[in-house]
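Those protein sequence lines, which keep their order, are chains A and B.
Per the numbering used here, the first sequence starts with residue 70, numbered consecutively.
Per the numbering used here, the second sequence starts with residue 70, numbered consecutively.
Hints were generated in silico from the structure; no laboratory data involved.
Values in this document were obtained by computation on a predicted structure and should not be read as measured data.
Take these hints with a grain of salt, some might be off.
Because identical chains cannot be distinguished in the list, a pair is counted as satisfied if it fits within a single copy or across any two copies.
Pairs of lysine to any residue, SDA-like flavour, derived with a Cα cap of 25 Å [what the hints assert, rightly or not]:
id	residue 1	residue 2
1	LYS293	GLY153
2	LYS117	THR71
3	LYS313	TYR380
4	LYS412	TYR444
5	LYS224	ASP370
6	LYS72	GLN121
7	LYS412	PRO107
8	LYS125	PHE74
9	LYS293	ASN178
10	LYS127	GLU338
11	LYS169	ASP300
12	LYS313	ASP300
13	LYS169	GLN302
14	LYS313	GLU393
15	LYS72	PRO91
16	LYS72	ALA95
17	LYS169	PRO152
There are 2 protein chains.
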Amino acid sequence: MTKSFYPPIRTLMGPGPSDVSPRVLAAMGRPTIGHLDPLFVELMDEIKQLLQYALKTKNELTLPISAPGSAGMEAAFANLVSPGDTVIVCQNGVFGGRMKENVERCGANPVMIQDSWGKPVDPEKVSEAFDSHPEASVLAFVHSETSTGARSDAKTLCQIAFEHGAFSIVDAVTTLGGIELDTDNWKADVVYSGSQKCLSCVPGLSPITFSKRAAERINNRTSKSHSWFLDMQLIMSYWGEGKKRAYHHTAPVNALYGLHESLLILKEEGLETSFSRHRTNHEALVAGLEAMGLEMAVDQDFRLPQLNSVYIPNGIDDGKTRNELLNDFNLEIGAGLGELAGKTWRIGLMGHSSTRRNVITCLASLEAVMAKQGYDLVPGAAIDAAKSVLDA
Amino acid sequence: MTKSFYPPIRTLMGPGPSDVSPRVLAAMGRPTIGHLDPLFVELMDEIKQLLQYALKTKNELTLPISAPGSAGMEAAFANLVSPGDTVIVCQNGVFGGRMKENVERCGANPVMIQDSWGKPVDPEKVSEAFDSHPEASVLAFVHSETSTGARSDAKTLCQIAFEHGAFSIVDAVTTLGGIELDTDNWKADVVYSGSQKCLSCVPGLSPITFSKRAAERINNRTSKSHSWFLDMQLIMSYWGEGKKRAYHHTAPVNALYGLHESLLILKEEGLETSFSRHRTNHEALVAGLEAMGLEMAVDQDFRLPQLNSVYIPNGIDDGKTRNELLNDFNLEIGAGLGELAGKTWRIGLMGHSSTRRNVITCLASLEAVMAKQGYDLVPGAAIDAAKSVLDA
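This is chain A alone, in the form it adopts within the complex (with noise of 0.2 Å):
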């Protein structure tokens, strides 16, 4: 007979869904009202403003998509790509490759940038894209790639598009809350990100702010974008402006009353406040595992401090030290994806989660399983090489 479901508590520390705050699962647990019901629609406008703030911008068409971060990136290129266009691609890790499925479902050509899983996308590379192929309307790129724990140069990857006339779309699933996102300043176009990352919401929404010049574009495509779902011609209707909103489709109402709840939360802290904080615990946790003899799988010029890739160290075995992680410790890490599999750990100090105490029992969890496989180490070393950047 099936039951009601209770999840246990997870300590999440893998690439996403991160730590949900117990102020957001309160808010998924308010009673339901309309989408329509004029006290939602001041919800809704409180929400584009939150996503102002978090995102740094002041575009007008800024918004959260009815579903998860792979719907955002559909809506950033079902919409900005029309048919026959050249969109150029950069691809360092699972989601440029993702980019690219997606300029082709929009029946455009996508030229491909490739630079090795791990390290960031390299702007000359894109620069000499642009010299072979002038007629490139779109530069799409992941800013912080989740498959490898690196962040590439937003801004001067956006200033490269601006120059050559073509807009850039900016995958920020993993940035928004954890590392700077300055969407006006770098002149983006259109940048999207997720809930379930650096702001500590469930997974299911989608931010997704466009700017001005690519919010013309849209509303002066000719042909219609092929998602009726992801449609921003028909979306603005309903997350427009005034009081007056069209229907288009049942907006997921606990989910944003959890979104919002995620960004004031943001708000109250502080952009500054939580990247440094970000920061820290970051700097505590690679302290803490070079102490117990691993190595990085990213260059720490561009470590994303909320994404932590580590190489599994020869001799132990990965699926068994993350099912004993989550089964003895209830400790959720990453495997490595892609061509990272099997390679590499992921390990996520995301929003809610990037805590003193999440960093220090991740060391001592993982200090723990491995000595059981037979690892050498200190027993403490991590633990007070993660104390000593703490305490500084």
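Fit chain B to the supplied structure of chain A, relying on the hints for placement.
Below, chain B alone, put in the same frame as chain A:
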């Protein structure tokens, strides 16, 4: 200063969302776990089985799409329809029009069959359309038109499609859990629904099921679906068989807790008992409305018990009435949609909203608000009429 959002407790008697059970709200607020957590994979399996029960199907490819009902509709078309296909689309309300949009965005050719808003789809016209368009590979229609409250004869329509060697796509957004839905016996090929109608879960998910031959057609597609996010070839690898699930997108974990609980509630009550409850409360509401001198917009033979369209009487102000119901009684009823905007109200008795208490509350509130506008009625007559049905 923006604050946490505390919604009022509404009584939701519009076209959805319906009142969400406290059990579902409690489930929504439980701690988030990872979308690849073994315990979450078990939950997914249970959801699949519960959906198979609710949809009366053995279809292997049965799952909730991670987005609202409009995405479920798009998933049906984007997977089953290829560029150049001919699709017969029945329109007798708003949602048939949306189906046409979906067909066009697949690069396919819609053949439209029009019936009056508030009437069911005419099977004769469907047969004729197949005769004139023997190349048609898909028939699409709305079983329960949420914009009008009319039910079409899904069994007959699916049979016609089957006899013409075509696939059927059935919009059952407002159907599921409220009235008979017999996927396998009807030989329906794709049936999609929404979480926020008669399941009384929060909005944001769309259950969908594909027959074996529909799944084969999808697996044998030569052109890729235009949507990456909704591509069933990819989604299957996450929702498929076995313990090993390939990451496609991050599932909306907490919304799925809620869906699981709502499906459990439906199974505990039993489909037939749920249908009978919907029928009784509907008959009571209609008796009450007619005792007030109001006229139903849909003929008795094909009225949806879960969505009651009633004409707004002369001299009564649509907006004012709905606003007063909302502000003074915390009661939401639905406005007319499309052609019926300003002409009808849509009173939902869906799922957890379909209760004796709601029938009586709605009638009493409507009496009070309409009497204030000078409408001639015998106070209490509507409630007496409803009670005579409820207590029979």
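Each hint, compared with the structure:
1. Proximity of LYS293 and GLY153 under a CA criterion of 25 Å is satisfied in both settings, with 14 Å inside one chain copy and 17 Å between copies.
2. In this homomeric assembly, LYS117 and THR71 come within 25 Å of each other (Cα to Cα) only across copies, at 12 Å, whereas the closest approach inside a single copy is 40 Å.
3. When the C-alpha separation of LYS313 and TYR380 is checked against a cutoff of 25 Å, the pair qualifies only between copies, where the shortest distance is 23 Å, while the shortest distance within a copy is 53 Å.
4. For a Cα distance limit of 25 Å, the shortest separation of LYS412 from TYR444 inside one copy, 17 Å, qualifies, whereas the shortest one across copies, 75 Å, does not.
5. Taking the shortest alpha-carbon separations for LYS224 and ASP370, only the intra-copy value of 16 Å comes in at or below 25 Å, while the best inter-copy value is 63 Å.
6. Within a single copy, LYS72 and GLN121 get their C-alpha atoms only as close as 42 Å, which misses the 25 Å cut-off; across copies the closest is 16 Å, which meets it.
7. For a Cα distance limit of 25 Å, the shortest separation of LYS412 from PRO107 across copies, 21 Å, qualifies, whereas the shortest one inside one copy, 51 Å, does not.
8. For the identical chains of this complex, LYS125 and PHE74 are inter-copy neighbours only, at 23 Å across copies versus 39 Å inside a copy, given an alpha-carbon limit of 25 Å.
9. Proximity of LYS293 and ASN178 under a CA criterion of 25 Å is satisfied in both settings, with 18 Å inside one chain copy and 15 Å between copies.
10. When the C-alpha separation of LYS127 and GLU338 is checked against a cutoff of 25 Å, the pair qualifies only within one copy, where the shortest distance is 21 Å, while the shortest distance between copies is 50 Å.
11. Taking the shortest alpha-carbon separations for LYS169 and ASP300, both the intra-copy value of 20 Å and the inter-copy value of 15 Å come in at or below 25 Å.
12. Taking the closest pair of Cα atoms, LYS313 and ASP300 come within 25 Å of each other only inside a single copy of the chain (19 Å); across copies the shortest separation is 34 Å, beyond that limit.
13. In this assembly of identical chains, LYS169 and GLN302 lie within 25 Å of each other by CA distance both inside one copy and across copies; the values are 23 Å within and 17 Å between.
14. Proximity of LYS313 to GLU393 under the C-alpha cut-off of 25 Å is restricted to the inter-copy arrangement: shortest distance 17 Å between copies versus 53 Å within a copy.
15. Taking the shortest alpha-carbon separations for LYS72 and PRO91, both the intra-copy value of 24 Å and the inter-copy value of 16 Å come in at or below 25 Å.
16. In this assembly of identical chains, LYS72 and ALA95 lie within 25 Å of each other by CA distance both inside one copy and across copies; the values are 22 Å within and 14 Å between.
17. Taking CA atoms no more than 25 Å apart as the test, LYS169 paired with PRO152 passes in both settings, with 14 Å inside one copy and 21 Å between copies.
Of the numbered hints listed earlier, not one is contradicted by the structure.
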